[in-house]
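S.K.: Here is how the chains run, residue by residue.
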Amino acid sequence: MALLEVRGVTSGYGQMEVLHDISLEVGSGEIVSIIGPNGAGKSTAMKAVFGLLKPWQGEIVFDGKQIGGLSPDRIVQLGLCFVPQVENVFPNLTVDENLDMGGYLVRGSLAARKQRIFDMFPRLAERRRQRAGKMSGGERQMVAMGRALMLEPRLLMLDEPSAGLAPLMVDVIFETIRTINDAGVAVLMVEQNARKSLELADRGYVLATGRNQLDGNGDELLDNPEVARLYLGG
Amino acid sequence: MTETPVNLQPRPIERIRTLMASRLGGVILLLMVFAIILIATLVKGVPTQQLVSLTVRGLMLGGIIALGAIGLTLISGVLKMANFAHGDFMSLGAYMALLAIALLPTGQPMGPFSFGPEFLAALLFAMLVVGFIAWLFDRFIYRRLRARRTMSVVIAMASLGVALLVRSLIYISWGGDFSFFYTGRARPATAELFMGIRVRPDQLFILGLAVVFIIMIWFVLERTRLGKAMRATADNPDLARISGINTDRVVMWTWFIGGALAGASGVMYGLDAQLRPEMGWFLLLPLFASVILGTLGNPYGALVGALVIGVAWQVSSAFLNPAYGPAVAFVVMIIVLLFRPQGLFGKAGS
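Residue numbers (this note's numbering), protein chains in the order written: chain R, 10 to 243; chain P, 3 to 352.
In short, the hints are calculated from the structure, not lab data.
Where is the CB? At the ideal position from N, CA and C, for every residue including glycine.
Check each hint, because a few of them may be wrong.
To be verified - Calculated lysine-lysine pairs in the DSS-like style (CA-CA distance at most 27 Å, straight line):
(1) P:LYS82 with R:LYS63
(2) P:LYS82 with R:LYS143
(3) R:LYS74 with R:LYS63
Stated by the list, open to error - A few chain R positions that, by computed beta-carbon distances, are all more than 12 Å from chain P:
(4) MET25
(5) MET129
(6) ALA141
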């Protein structure tokens, strides 16, 4: 059984329907990538899964439990954490405090969990007393991912983790996603960088105008001439 | 062919403008404002002793304003709303303490102070009641408005309605006259500080209490789970929710703490002078001036803003009619905002 199952979800903002009958699955330990053009509803789909938008129709099941319409602070308790694309750190809090907030629901010491994050991102250990708002884009993305990993989720959702980063930093972030996944955490990500993310992913979904267009293994999609023409730049 | 030399250096006026927009510039501006006030007192021939004494009084008044302003700025940060009822929460606190003192047996004055031990119980009572009432107003008014995505201006107007409601209830219950916590007790200025400056022992108590509360606020905000969650929610409410923070509970505590601090501040203000139903309303403008001066949402900024405004208010009364005090507070705020629109503690461009 899949860890996360989205079945026939319709949702949107106000009166405007953005997602039309979206379905997708993430298995335990999988990396799944959602690609598609701007305005395809990729980020909206992530928000609907995470309770930031209410699904109007359809079901969202995580680990056998219905989570459609639950509030985000309930959803994280089930082992599903989310890194938004923008505004994904607390700018006036230090790196340390950002991680504390990631582990807000943990009763007891956070030291061991924090140490694991610092092992993964040694750069954050050096800057643990610095305010997150004063850091570079790449460092902020590390803080954001570290914050989301503090609860040791079973599924990590990343909205455009490489957006706006320098090429070198993009490689670091993708490398980190691989490391996180090797530790057994399933990853569902939305990416503009279609080629890189499909190379990394086990499976991918192509969304366009709020509908499922294609899905398949990462390699299949990379080889698909239509995907190549539309999203991989020839 | 003559070439016009191109001056790549920024013009002096622009360099001054850049300097003034920096944080150092903010400090320089404040120093200049105080220098002007100081010169004005010298021109008037105000004795140094009076000047120092007014500064001490200003710090005490600033401490009282700070407790209100810190609560106000926390509410602004976490809820993104202007609470126009904050001044009247202060009045309510003072009258709740008056009620408690009337009900409790009156003890002997403690040491040099004008009040007995029952006053401390009354202070605690006032803080708890105002904190609870602040939360009640949120639960039954503001939360409903937020749930309907009401514009923040409309919510601010609702808080103005709450302000009028609270003040009217005080008028109905206690009338419009002055009241004192301890009618008829003489409160001579017996405590000698330095340079022969004498203040009332009660005023030292108020200053000490303000310091204790400010340390407690610092501890809560920096060292406790709740305080960090409050700062996180003020920073980014959506991210706080997806981190698992129950923001409804954070909002509840923000109102309770903000209300309790306003209550304490009102009691202290009432102890220093007297109680009037509109006492807090008249402090609302200095409260907002402190909050804006110290950058909206920044509790330490509000503290500094309140001290600056308290001192400017008191010292300027040496050469101006004291009724202009709140106006002086606003002039200081406007001078700083002209150069640093984000307040003393904000980042440039934010």
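S.K.: It remains to establish, for every hint, whether it holds in the given structure.
M.R.: Hints versus structure:
no., hint, result
1, P:LYS82 with R:LYS63, "holds (23 Å)"
2, P:LYS82 with R:LYS143, "holds (23 Å)"
3, R:LYS74 with R:LYS63, "holds (16 Å)"
4, MET25, "holds (15 Å)"
5, MET129, "holds (18 Å)"
6, ALA141, "violated (9 Å)"
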